[in-house]
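Based on the hints, put chain B in the right spot on chain A.
There are 2 protein chains.
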Amino acid sequence: MELQTVKLMANLIKSARDYLDSQDYTEITVPRVVRASGACENINTLFEVAVDRNFHWFKNRRAYLAQTGQLYLEALVPALGSVYTIGPSFRAEPKADNRHLTEFQMMEIEFPGGFDDLLAEIENVINSIARGVVKANGKIGLSKENLERLSATPERFPKINYDEAIKLLIRLGIKKEWGDDIPSEQEQLLVRYHDNQPIFITRFPDPMWNFKKELEVEKFFNMLPDRENPGRVLSADLILPYGGESVGAAARVHEARVLVQRLKNSKMFKRLIDKGGSINDFGWYISRIENEGSVPHAGCGFGLARIIQWIKGASDIRECVSFLSNKENII
Amino acid sequence: MELQTVKLMANLIKSARDYLDSQDYTEITVPRVVRASGACENINTLFEVAVDRNFHWFKNRRAYLAQTGQLYLEALVPALGSVYTIGPSFRAEPKADNRHLTEFQMMEIEFPGGFDDLLAEIENVINSIARGVVKANGKIGLSKENLERLSATPERFPKINYDEAIKLLIRLGIKKEWGDDIPSEQEQLLVRYHDNQPIFITRFPDPMWNFKKELEVEKFFNMLPDRENPGRVLSADLILPYGGESVGAAARVHEARVLVQRLKNSKMFKRLIDKGGSINDFGWYISRIENEGSVPHAGCGFGLARIIQWIKGASDIRECVSFLSNKENII
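Chains as they are written, first to last, in numbering that gives the first Met the number 0: chain A, 0 to 330; chain B, 0 to 330.
With the rest of the complex left out, here is chain A (with noise of 0.2 Å):
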């Protein structure tokens, strides 16, 4: 616990808050010991919840807890337009190192619109964030090095597609391949390249299109596909200095036809048929959707505690949260 970063927190928390605000975004509460809907990032780290040893305590039904809150705000997107909310994520990672935790802050945002609107939202907030922890510095106290870089952040971000960003990584020495996944080292080459400053990776590989190979890259399900880029999604992922990969983004599948066949055909999917899940877990989602309808919208989740790797130049995450929750720690 070291108080600069539980002041960061608060300070970011502040500032994103106000942007959202000024925006008329609604604040949600979602719900975290969930079903998988709500656990479904990524089902390998996923933490069971049990009373008394008993893992069926809640009416025979498996609990989780949640790795995002994004199915909840999508609800309810077609009938309060912007909405987010602020809590923890929970992954079981087994590493305990300079990138991994068990627990996080994250901030979640749904609203209608597109994917070009979606990155300026998240260039917007990031910009409100650089600004409060600048006006704010007296109080935190950050070296002059990570207050100049900050007041140096570009209104908007530079814009690589995936498939661009593995030729430059080519182009850049790097051994590598169309379709592998960016490690984090290599994100950090592409930043540097761009004046060390925050970058968007857009238009992943679509998981549902045959490539007629296997794919290192994996997305969530309902990522809307670009009708412009065949086989590809209309996700980025925003790359800052040392915090790597902090926000993920997409514009959504919204009909429900398509989201349940997308959902059915996803690795996802089958992992969690392994894990005695079913197409019921998501059941009030699709029946919601299918009842009610829903709008075209596209959301984010911006994971807190790399963004203050961002602000304070750090290298290693267990330096940037309040309280640390790894592997080997949890109080």
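No lab work stands behind these hints: they were computed from the structure. Careful, some of the hints might be misleading.
Identical copies look the same in the list; a pair holds intra-copy or inter-copy alike.
[Said to hold, decoys possible] Mimicking PhoX-like on lysine-lysine, the simulated pairs with C-alpha atoms at most 25 Å apart in a straight line are:
(1) Lys211 <-> Lys175
(2) Lys134 <-> Lys13
(3) Lys94 <-> Lys58
(4) Lys326 <-> Lys58
(5) Lys58 <-> Lys274
(6) Lys212 <-> Lys175
A quick note: this is a predicted structure, and the numbers were derived from the prediction, not measured.
Below, chain B alone, put in the same frame as chain A:
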């Protein structure tokens, strides 16, 4: 998921937060997967966390879902002054009825100050919430009756101590003994006796005091004994119309020696030992105040669903959550 409740939650969080911001509180994010120090409100209703059925995944330590963030806030008061957090509280409540949830939102505050300051702070927060709802009612649509009741919220609430409450209940025809718990129906009797507006019940019996009889009343171990009323602690419950006990509040013990003594003598501690816990679960907090000292301080937790019951005039808590979580229902 009912839209009025979702809107009310957003509105009340904003009003409360605006008030706390105006008083220079710092917002803290606290861990929700914890050792026993974050789970000690009622050790009988603990959720346990596992990975692949392993309850010792965290470096051979048992992990629980937090019932309160109180000690994490208390640890920061000496350095930061007034602090607060908003987030989920988890209870494995076996009853899925009109009063029980397995997950609900709680707003917790801690600040350097005494018991009277604490009661005033709660009155200020509740009044800010009432004013905020009344002001925004164009969007929320409460009934005229609820609106009038909320508009008439007094600035200061009647304060009756536990001994007086028992006497009054006896006078109102209830069969009752000193030392008994006050169940929710009887709390509502006391509320109706006081113009159907919020009241405090204060100065509960000190569970550490030898009354030569078993008490039903159970209170958290670090509540500060009342010097002027031997055998009582400086605690208060805010009782709201409809919501019932909606805020639990107390001045805190801040001396390490007294804290350890009271912890070791608490019923809760005996249950913790039975569950395989030990004093080490509290080690981080005890060593922090041993090494760095603390200051006199006080704090409380606001149960937000119960406050929404008060706003809506709803006797069923299930109508007062954005997403329902109880033993019969998780999504």
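These are the hints, each one checked on the structure:
1. Lys211 <-> Lys175: within (18 Å within a copy, 76 Å between copies)
2. Lys134 <-> Lys13: Both. Shortest intra-copy (13 Å) and inter-copy (23 Å) distances satisfy the 25 Å Cα cut-off.
3. Lys94 <-> Lys58: between (33 Å within a copy, 12 Å between copies)
4. Lys326 <-> Lys58: Answer is between; shortest inter-copy Cα gap is 6 Å, intra-copy 30 Å.
5. Lys58 <-> Lys274: both (18 Å within a copy, 24 Å between copies)
6. Lys212 <-> Lys175: within (15 Å within a copy, 75 Å between copies)
Of the hints listed earlier, there is not a single one the structure fails to meet.
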